[in-house]
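Number of protein chains: 2
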Amino acid sequence: MLNKEKIIKPIAYIRTEFPSKFGIPRQSSLKNELFGTIVFEPEYCHEEAFRELKGFSHLWIIWHFSETEKGEPSLTVRPPRLGGNRRVGVFASRSPYRPNSLGLSCVKLEKICSDRKSCSIPHCPLGKNLCKKQSGISLLVSGIDMMDKTPIFDIKPYIPITDCHTDASEGYTAITQKHTLSVILPKNIDTVIPSEKLSRLISVLEDDPRPGYRHSEKDSDKTYHIEFDMYDIPFKVKEDSLIVLDNIKIN
Amino acid sequence: MLNKEKIIKPIAYIRTEFPSKFGIPRQSSLKNELFGTIVFEPEYCHEEAFRELKGFSHLWIIWHFSETEKGEPSLTVRPPRLGGNRRVGVFASRSPYRPNSLGLSCVKLEKICSDRKSCSIPHCPLGKNLCKKQSGISLLVSGIDMMDKTPIFDIKPYIPITDCHTDASEGYTAITQKHTLSVILPKNIDTVIPSEKLSRLISVLEDDPRPGYRHSEKDSDKTYHIEFDMYDIPFKVKEDSLIVLDNIKIN
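Keeping their order, the protein sequence lines are chains G and A.
Mapped onto this note's numbering, the consecutive letters of the first sequence carry residue numbers 1 to 251.
Mapped onto this note's numbering, the consecutive letters of the second sequence carry residue numbers 1 to 251.
The shape of chain G in the complex, shown without the other chains (with noise of 0.2 Å):
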């Protein structure tokens, strides 16, 4: 009927230590560990779009699936949380692959960062020697679900009142198994990796970041690897078991 079209422009891209699909988590709030830095463009860099902020302690990110745009939507879509077999509705999904390719996250606010120079979080994906390149604003936030430098188009306060619904009912999400590897490192590992990084990088392993239909495999040989950071990481699953192997890449 009305079949409008609009255009919206990006206000923020975010960092992450995902600089592909492979490993993040399925929804956000699910790895409170995983850090983002959220870098606003020039016309938005002003300490007064961010007035009283501080109050709330989380956000809504409204953001583009920039990496699944290509191709025509479909109708259903197969959640990796069902195994990827089973179809279910787009509108009953949080899926990617989706009419407009807008994503919604929520995220923990953790600081709103403006002085660069004082700045000392050792969880901010921007690093050091790159934060202190950056001007202006930018928000570090937790509970992340997306891959680095995902385009954003809106963010906004999380209002308990309209937002927080304790009687909501979960729908197929429900019936979900949560699904645990034990995770094996080489022994080597925190010569490679600092060991910070690395209890992140164990947690996003430990859900298994294989597809859904490859979580019943329980040996086979292939080897899948995670990007995670600057790091390139083999690993092979055995029964219960990740392991990773030990020729991880620095890339």
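Be careful, since some hints might not be right.
One copy or any two copies: either way a pair holds, since identical chains are not told apart in the list.
[To be verified] In the DSBU-like style, the derived pairs of lysine-lysine whose C-alpha atoms are separated by at most 30 Å in a straight line are: (1) K149 with K6; (2) K31 with K4; (3) K54 with K178; (4) K54 with K4; (5) K218 with K149; (6) K111 with K149; (7) K111 with K187; (8) K178 with K6; (9) K4 with K111; (10) K70 with K54; (11) K6 with K21; (12) K218 with K9; (13) K249 with K187; (14) K238 with K9.
Worth flagging that the hints you see were computed from the coordinates, not collected in a lab.
Could you slot chain A onto chain G? The hints should help.
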């Protein structure tokens, strides 16, 4: 840095009892008795796009503040709940005057409608006659805060594990005083407005639809008009009462 524009297209629009902005609740989920019917564009009007949706009680709607898009967005806004005088950053508010004019609402899913013949929902804003002309799927939702015919860009299920944060701090929104008025109706009003619609209208009026900075005015001769459904309803405010005048018009 990226600044890449993107074109988005409405997937649906919503029918509500608010033909204009004045009187619309300031957030979703505040008035659960207010209903809306989401009507889809032909390409999404297929049952499969909604498969397994009925297991979810709540939905997210990403929509277009189509009426407030004119003019440059400001970096600060004056939330009505702060009396309309205090400025906060645009990213610390859900104000309609914002970059990209994107709205975000949480609504309750009441019914997935496809069988028009047996439809007899009293509060569907489509009404029986309009509904029977409609083909395909529509969604009846409650707790709406949208104008009639608002374009919708996406619909996603509410997933409690990621969306429900009982520990969230609510910033300046916590200090809002609950301000209500007692509503005085003209004697003959139930011969003009059916009782079911009237109870919804009262719930809107008792929240004082006047602009925030007018809330402290105890006695003004100013006549306001609220449009609700097909009615134009004039009212005045004296002390703590909202008095509906008797020259109600039917548009």
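Within, between, both or neither: K111, K149 at alpha-carbon 30 Å: within (19 Å within a copy, 39 Å between copies)
K6 and K21: within-copy, between-copy, both or neither at 30 Å Cα: The answer is both: 27 Å in one copy and 21 Å across copies each meet 30 Å.
How would you label the pair K149, K6 (within, between, both, or neither) given a Cα cut-off of 30 Å? both (23 Å within a copy, 16 Å between copies)
Can you tell me if K54 and K4 fall within 30 Å by alpha carbon in one copy, between copies, both or neither? Answer is between; shortest inter-copy Cα gap is 29 Å, intra-copy 36 Å.
At most 30 Å between alpha carbons: which applies to K4 and K111, within, between, both or neither? between (38 Å within a copy, 27 Å between copies)
Within a copy, between copies, both or neither: which one fits K70 and K54 at a CA-CA cutoff of 30 Å? between (37 Å within a copy, 29 Å between copies)
Homomeric proximity label, K178 with K6: Cα distance no greater than 30 Å: Neither, since 40 Å and 37 Å both go past 30 Å.
Please sort K111 with K187 into within, between, both or neither, judging by C-alpha distance up to 30 Å. Answer is neither; intra-copy 35 Å and inter-copy 56 Å both fail.
Go through the copies and call it for K238 and K9: within, between, both or neither, with a Cα cutoff of 30 Å. Close neither inside one copy (45 Å) nor across copies (46 Å); limit 30 Å.
Status of K149 relative to K218 across identical chains (alpha carbons, at most 30 Å): neither (34 Å within a copy, 52 Å between copies)
Are the CA atoms of K31 and K4 at most 30 Å apart within a copy, between copies, both, or neither? between (38 Å within a copy, 29 Å between copies)
Checking an output row: K249 and K187, CA cutoff 30 Å. Within, between, both or neither? within (15 Å within a copy, 80 Å between copies)
Taken one by one, the earlier hints fail for this structure at numbers 5, 7, 8, 12, 14, listed in ascending order.
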